[in-house]
Amino acid sequence: MHELGIVFYIIRDVKKVAEEHRVPLVKTVVMNIGEVSTVVPEYLTDCWRWAADKEDLLRGCELKCNIIKAVTTCNACGAEYATVEHGRKCPLCGSEDTVLKCGNEVEIKEIEV
Amino acid sequence: MEAVKVIEIKKSVFAENEQDANQLRKELKGKGVFLLNLMSSPGSGKTTTLIQTINRLKEHLNIAVMEADIDSDVDAIRIKEATGIPSIQLHTGGMCHLDAEMTRQGLDNLELQNIDLVILENVGNLVCPAEFDTGAACNAMLLSVPEGHDKPLKYPLMFSICDVVVVNKMDVLPYFDFDLEQCKEWIHMRNPKAEVIPISAKTGEGVDAFAAWLLQKVNNWKL
Chain A
1 MHELGIVFYI
11 IRDVKKVAEE
21 HRVPLVKTVV
31 MNIGEVSTVV
41 PEYLTDCWRW
51 AADKEDLLRG
61 CELKCNIIKA
71 VTTCNACGAE
81 YATVEHGRKC
91 PLCGSEDTVL
101 KCGNEVEIKE
111 IEV
Chain B
114 MEAVKVIEIK
124 KSVFAENEQD
134 ANQLRKELKG
144 KGVFLLNLMS
154 SPGSGKTTTL
164 IQTINRLKEH
174 LNIAVMEADI
184 DSDVDAIRIK
194 EATGIPSIQL
204 HTGGMCHLDA
214 EMTRQGLDNL
224 ELQNIDLVIL
234 ENVGNLVCPA
244 EFDTGAACNA
254 MLLSVPEGHD
264 KPLKYPLMFS
274 ICDVVVVNKM
284 DVLPYFDFDL
294 EQCKEWIHMR
304 NPKAEVIPIS
314 AKTGEGVDAF
324 AAWLLQKVNN
334 WKL
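In order, the protein sequence lines correspond to chains A and B. The numbering used here applies: residue 1 is where the first sequence begins, and numbers increase by one. The numbering used here applies: residue 114 is where the second sequence begins, and numbers increase by one.
If we strip away everything but chain A, and leave its shape as in the complex, we get (with noise of 0.2 Å):
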């Protein structure tokens, strides 16, 4: 359950954010969250909705998850794949010297006050 730390990341971040803008109340949260960032978004929200409602700032606001495609790029040549199909071995030349180029994101996008 790292989701509920990670929410209290969150709420640490946007009550900062907050503060600087003199904003009394969030509507939205909107977070990027990669494929394969091993965050389960359903846990998150989850975790959220019990955590957010115990704050003023916070209550009732909603937080929303969009998922980031993962795509590996192939060192060897150069193909892009997408990483939750095929995994670390490039689907066109077989080789596994491939790096992750997007898809472990946990980031607050935006909030909507």
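If you are wondering where the hints come from, they were derived from the structure by calculation, not from laboratory data. Where a beta carbon is used, it is the ideal one built from N, C-alpha and C, also for glycine. Do not rely on the hints blindly, as some may be mistaken.
Derived lysine-lysine pairs resembling DSS-like cross-links, with alpha carbons at most 30 Å apart [said to hold, decoys possible]:
no., chain 1, residue 1, chain 2, residue 2
1, A, Lys15, B, Lys123
2, B, Lys139, A, Lys54
3, A, Lys64, B, Lys315
4, A, Lys101, B, Lys123
5, B, Lys123, A, Lys64
6, B, Lys123, A, Lys109
7, B, Lys123, A, Lys27
8, B, Lys139, B, Lys118
9, B, Lys124, A, Lys69
10, A, Lys64, B, Lys124
11, B, Lys306, A, Lys27
12, B, Lys139, A, Lys15
Covered by chain B, according to a simulated footprint, are these stretches of chain A (three or more residues, beta-carbon under 8 Å) [unchecked claim]:
no., segment
13, 5 to 12
14, 15 to 28
15, 65 to 71
16, 94 to 106
Got chain A sorted already, so can you dock chain B onto it with the hints?
Frame of chain A; chain B shown alone:
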């Protein structure tokens, strides 16, 4: 109707912890305190391995242990009784990992000016602790024979962030289909720089090698 204003943030949730961790690492370096973050699954033998290792090193180094668990203080008591060194228990309050801030709070309870090595026994878990940098100088992972040699494939992040993988319970190797060479190959596929040290905390086999590796790291840290 009230207009909705969007404030763009675009910031990784882990960014602040990484900053805290780097700051803590810098402070510990300045004080000459080496922090080892020890991670593993529950039941791999972390506490027994620590007792064996500490008893080999306590003549050379001043050591303290921080035990992180969701509940209870059995580990901290065991360490104190078996080694006589200072040992404190941290409770994570239901959380599956420690972050840099929690680690700092634990360290505040130790008299660091008299300590060379602090070992943090993280919560037994191969997933979450790998995501949160604690500010440690080195990450160590303990894998035990009964868990199987395929763990590096299943928990790639954990293996990719470790400086050393200690393979424990080598005394029961004849009873399990554990292939050490295959395991090493898979560890190095994830992390070519990881040191692999097979031990048995029960019989003491290989513990000298791990203790020597740790002693050298601590001495280098103080230079």
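Each hint, compared with the structure:
The suggested pairing of Lys15(A) with Lys123(B) holds, with an alpha-carbon distance near 15 Å, which does not exceed 30 Å. For a cut-off of 30 Å, the pair hint linking Lys139(B) to Lys54(A) is broken: about 35 Å separates their Cα positions. At roughly 50 Å between alpha-carbon atoms, Lys64(A) and Lys315(B) are farther apart than 30 Å, so this suggested pair is violated. Taking the CA atoms of Lys101(A) and Lys123(B), the gap is near 17 Å; set against the 30 Å cutoff, the hint holds.
The hinted pair formed by Lys123(B) and Lys64(A) meets the criterion: a straight-line CA distance of about 14 Å does not exceed 30 Å. A hinted pair counts as satisfied when its Cα atoms are at most 30 Å apart, and Lys123(B) with Lys109(A) qualifies at roughly 4 Å. Between the alpha carbons of Lys123(B) and Lys27(A) the distance comes to roughly 17 Å, so the proposed pair stays at or under 30 Å and holds. Distance hint between Lys139(B) and Lys118(B) is unfulfilled; the C-alpha atoms sit about 39 Å from each other, more than 30 Å.
Of the pairs offered as hints, the one joining Lys124(B) and Lys69(A) holds, with about 18 Å between alpha carbons and a cut-off of 30 Å not exceeded. Note on Lys64(A) and Lys124(B): the hinted pairing holds, with a Cα-Cα distance of about 15 Å set against a maximum of 30 Å. Proposed proximity of Lys306(B) and Lys27(A) is contradicted: the alpha carbons are some 46 Å apart, above 30 Å. For the hint pairing Lys139(B) with Lys15(A), the CA-to-CA distance comes to about 27 Å; that is within 30 Å, so the pair holds.
Residues of the segment 5 to 12 of chain A with a Cβ under 8 Å from some Cβ of chain B number 5, which satisfies the need for three, so the listed coverage holds. Judged by the Cβ-Cβ criterion of 8 Å, the segment 15 to 28 of chain A is covered by chain B as claimed, because 4 of its residues qualify and three suffice. Check result for the segment 65 to 71 of chain A against chain B: violated, 0 residues qualifying (beta carbon to beta carbon below 8 Å, three or more required). As drawn, the segment 94 to 106 of chain A meets chain B at 3 residues by the rule of a beta-carbon pair under 8 Å; at three or more, the given contact holds.
Hint compliance for this structure: hints 2, 3, 8, 11 and 15 are not met, and every other hint is.
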